[in-house]
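2 protein chains.
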Amino acid sequence: MYYSSEKITDFTRTFFEKIGCSNKDANIIADVFVAAELRGIGSHGLIRISDHFELWKAGRLNTKPNMRITRETVSTAVVDGDNAPGMLAAVFSMETAINKAADAGTGWTACRNSNHFGIAGYYAMMALNHDMIGICLTNANPLVAPTFSISRLLGTNPIAVAVPAGKHPPFVADFATTPIARGKLEVAVKKGEKTLFGYVQDKDGNPTDDPDILRKDGAMLPLGGDREHGSHKGYCLGATVDIFSALLSGAGFGPFVPPSVAYLSPPAETNGKGTGHFFGAMRIDSFREADEFRAAMDLWIDTFRNAESAEGKPAVLIPGDVEREQEKINRKNGICLIPAVIDELNNIAGELDMEMRL
Amino acid sequence: MYYSSEKITDFTRTFFEKIGCSNKDANIIADVFVAAELRGIGSHGLIRISDHFELWKAGRLNTKPNMRITRETVSTAVVDGDNAPGMLAAVFSMETAINKAADAGTGWTACRNSNHFGIAGYYAMMALNHDMIGICLTNANPLVAPTFSISRLLGTNPIAVAVPAGKHPPFVADFATTPIARGKLEVAVKKGEKTLFGYVQDKDGNPTDDPDILRKDGAMLPLGGDREHGSHKGYCLGATVDIFSALLSGAGFGPFVPPSVAYLSPPAETNGKGTGHFFGAMRIDSFREADEFRAAMDLWIDTFRNAESAEGKPAVLIPGDVEREQEKINRKNGICLIPAVIDELNNIAGELDMEMRL
Numbered sequence: 002m003y004y005s006s007e008k009i010t011d012f013t014r015t016f017f018e019k020i021g022c023s024n025k026d027a028n029i030i031a032d033v034f035v036a037a038e039l040r041g042i043g044s045h046g047l048i049r050i051s052d053h054f055e056l057w058k059a060g061r062l063n064t065k066p067n068m069r070i071t072r073e074t075v076s077t078a079v080v081d082g083d084n085a086p087g088m089l090a091a092v093f094s095m096e097t098a099i100n101k102a103a104d105a106g107t108g109w110t111a112c113r114n115s116n117h118f119g120i121a122g123y124y125a126m127m128a129l130n131h132d133m134i135g136i137c138l139t140n141a142n143p144l145v146a147p148t149f150s151i152s153r154l155l156g157t158n159p160i161a162v163a164v165p166a167g168k169h170p171p172f173v174a175d176f177a178t179t180p181i182a183r184g185k186l187e188v189a190v191k192k193g194e195k196t197l198f199g200y201v202q203d204k205d206g207n208p209t210d211d212p213d214i215l216r217k218d219g220a221m222l223p224l225g226g227d228r229e230h231g232s233h234k235g236y237c238l239g240a241t242v243d244i245f246s247a248l249l250s251g252a253g254f255g256p257f258v259p260p261s262v263a264y265l266s267p268p269a270e271t272n273g274k275g276t277g278h279f280f281g282a283m284r285i286d287s288f289r290e291a292d293e294f295r296a297a298m299d300l301w302i303d304t305f306r307n308a309e310s311a312e313g314k315p316a317v318l319i320p321g322d323v324e325r326e327q328e329k330i331n332r333k334n335g336i337c338l339i340p341a342v343i344d345e346l347n348n349i350a351g352e353l354d355m356e357m358r359l
Numbered sequence: 002m003y004y005s006s007e008k009i010t011d012f013t014r015t016f017f018e019k020i021g022c023s024n025k026d027a028n029i030i031a032d033v034f035v036a037a038e039l040r041g042i043g044s045h046g047l048i049r050i051s052d053h054f055e056l057w058k059a060g061r062l063n064t065k066p067n068m069r070i071t072r073e074t075v076s077t078a079v080v081d082g083d084n085a086p087g088m089l090a091a092v093f094s095m096e097t098a099i100n101k102a103a104d105a106g107t108g109w110t111a112c113r114n115s116n117h118f119g120i121a122g123y124y125a126m127m128a129l130n131h132d133m134i135g136i137c138l139t140n141a142n143p144l145v146a147p148t149f150s151i152s153r154l155l156g157t158n159p160i161a162v163a164v165p166a167g168k169h170p171p172f173v174a175d176f177a178t179t180p181i182a183r184g185k186l187e188v189a190v191k192k193g194e195k196t197l198f199g200y201v202q203d204k205d206g207n208p209t210d211d212p213d214i215l216r217k218d219g220a221m222l223p224l225g226g227d228r229e230h231g232s233h234k235g236y237c238l239g240a241t242v243d244i245f246s247a248l249l250s251g252a253g254f255g256p257f258v259p260p261s262v263a264y265l266s267p268p269a270e271t272n273g274k275g276t277g278h279f280f281g282a283m284r285i286d287s288f289r290e291a292d293e294f295r296a297a298m299d300l301w302i303d304t305f306r307n308a309e310s311a312e313g314k315p316a317v318l319i320p321g322d323v324e325r326e327q328e329k330i331n332r333k334n335g336i337c338l339i340p341a342v343i344d345e346l347n348n349i350a351g352e353l354d355m356e357m358r359l
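Quick note, the sequences are listed as chains A and B, same order. So for the first sequence, the numbering used here puts the first residue at 2; every next one is plus one. So for the second sequence, the numbering used here puts the first residue at 2; every next one is plus one.
These are calculated hints, taken from the structure and not from any lab test. The reader is advised that the hints may include incorrect statements.
One copy or two, it doesn't matter: identical chains are merged, so the pair holds either way.
[What the hints assert, rightly or not] Here are the simulated DSSO-like pairs of lysine-lysine, each with C-alpha atoms no more than 30 angstroms apart in a straight line:
#1 217 x 195
#2 314 x 195
#3 168 x 185
#4 274 x 168
#5 314 x 217
#6 8 x 329
#7 19 x 168
#8 58 x 8
#9 329 x 192
#10 204 x 274
Between the sequences and the hints, there should be enough to build the whole structure, so can you do that?
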């Protein structure tokens, strides 16, 4: 079924109002959810509303948070998200980074005591309208084993970078530090298909193509796959994201990141508060006249877009191309939700006495 | 042959003095070269002195540079390296970032008009003695094809991050955004061995295990190897390093990075000046009491070091472990140079009327 982005926004905002968010906060959260759906990243879209509902029912999500800056310098801030939905803590933190950058040239916010925030790219892209480069990192539920290990110690810990251009649309990279996102394993399980070797390992650390291996004590591999192909570099990246997100902010690191689903218990012991994020904003004209930078970025994009493709391969993509094209299609045709998700959301709407149904 | 680090330092300093550097500058450069040798990264050590000699003879390296800050805010600076040896421009830029961070909480320097600077980790590690996290990125000669392409548009564009700990040695990640460093291909060529699939492609974009393929118009692959295993993420990383290093500073980007060897001509056209780097320094206590951070970092390191290894695999490594252990060995046993390099350096010493020989 296809829905307009307005309908999806209304539903999501109403849901978050029903579980206690202010209208303003519910609008902020809905905008992130709808951006994920429009950009074709449904794994971070309305499929996750039930997780929020279950966490809220279990008293594990604070929909009336008192988010605050607990420490700051002219270019930095630490935010305590007060266990808010991750989108609220992230928007507050990124706005703080942007405000710092306006004064100090760059701004950097480490956020603790937050939750799953959806797509990292959304927050990096907030910088674009301010003539700034945006950066966003987050840690996440531990599913990834460091090189040589069978212990799940890191999340898929994504990195997002948004860079404004001139005549061209912006460069927007947003990627997990693993070969694939976890959601793709779920899709393979649901389709009854095998996955590729190089994504996961079994509980003993052996290569496998079983997409359901995470339920059998297996682990995801860092970007690179195996040691010979540079998995230690993927591990370095995921580790850096964890350290910047959790250790600078005082969030739980690695195995101590709280689950983003209610059916998994929070870790028995922890060393920090909640999920951690790290945000950066760099004013372009701190470094160079903005017009000059934008022209150079256009030339960069032209150079890479005009690179020669191997025979039978598609054109070289600029990071952000795929999601932007998908957004055009989805704005025209509507956002497609699968029947199981529609049923789930309508059941939640019933439970909450929402008048609206999908 | 094995040499003491003092002998290697003396030789390198004397060489750079002979080609016009001040004693102070020659000492700075020698320290970076010797650090590479001590840390076991010989590919960035004395083997590259001949490249500097040839570039200098060709008038392509300025050993009496007037390096200067051309633009700044409280947290940022742009440095013009005046075509200096990369080590000088990098140390000046990283010192600038550290000074900015002391005042503003963080400091960020983009550097243009520089050259090959050796090991990125050296500059990231400069932050450690200041209770700061250090970051260093650089672009490099184009050898890497973006996903789907046969055009060599990116360098191996490394990322280095150094994070101080408490009782433990620091976390020091320093890695190319490709599955392997270029030097490893050279080693395989010299040994007459094949390399692994997943590192390089031939001129048509087909997989190959020929380590000499770069001389046959082939290309290196981004971290991830192929599209299915996430090479588009490696491409995103390499692209981000290129943009931060070149477009913020006004250096040459991607295919316009000047070669670090004299036998390759500079690009006929360019859009910026020289090689570009990007440096960051973040004062830990901008975010958290330094003691508290260091204790958390120790716990992070303990957690990862104590992860369970797969059967038959070595212990999980903390980034920096390998290089630190190698440094201990090399400080004890001396630095090993291969005969071909020793001959080359002694010939250079003769040409420059240096009294010293290796």
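Going through the hints against the structure:
| no. | hint | result |
| --- | --- | --- |
| 1 | 217 x 195 | within (15 angstroms within a copy, 37 angstroms between copies) |
| 2 | 314 x 195 | both (24 angstroms within a copy, 26 angstroms between copies) |
| 3 | 168 x 185 | neither (34 angstroms within a copy, 40 angstroms between copies) |
| 4 | 274 x 168 | between (43 angstroms within a copy, 23 angstroms between copies) |
| 5 | 314 x 217 | between (36 angstroms within a copy, 21 angstroms between copies) |
| 6 | 8 x 329 | within (17 angstroms within a copy, 64 angstroms between copies) |
| 7 | 19 x 168 | neither (42 angstroms within a copy, 49 angstroms between copies) |
| 8 | 58 x 8 | within (25 angstroms within a copy, 69 angstroms between copies) |
| 9 | 329 x 192 | within (27 angstroms within a copy, 53 angstroms between copies) |
| 10 | 204 x 274 | within (29 angstroms within a copy, 51 angstroms between copies) |
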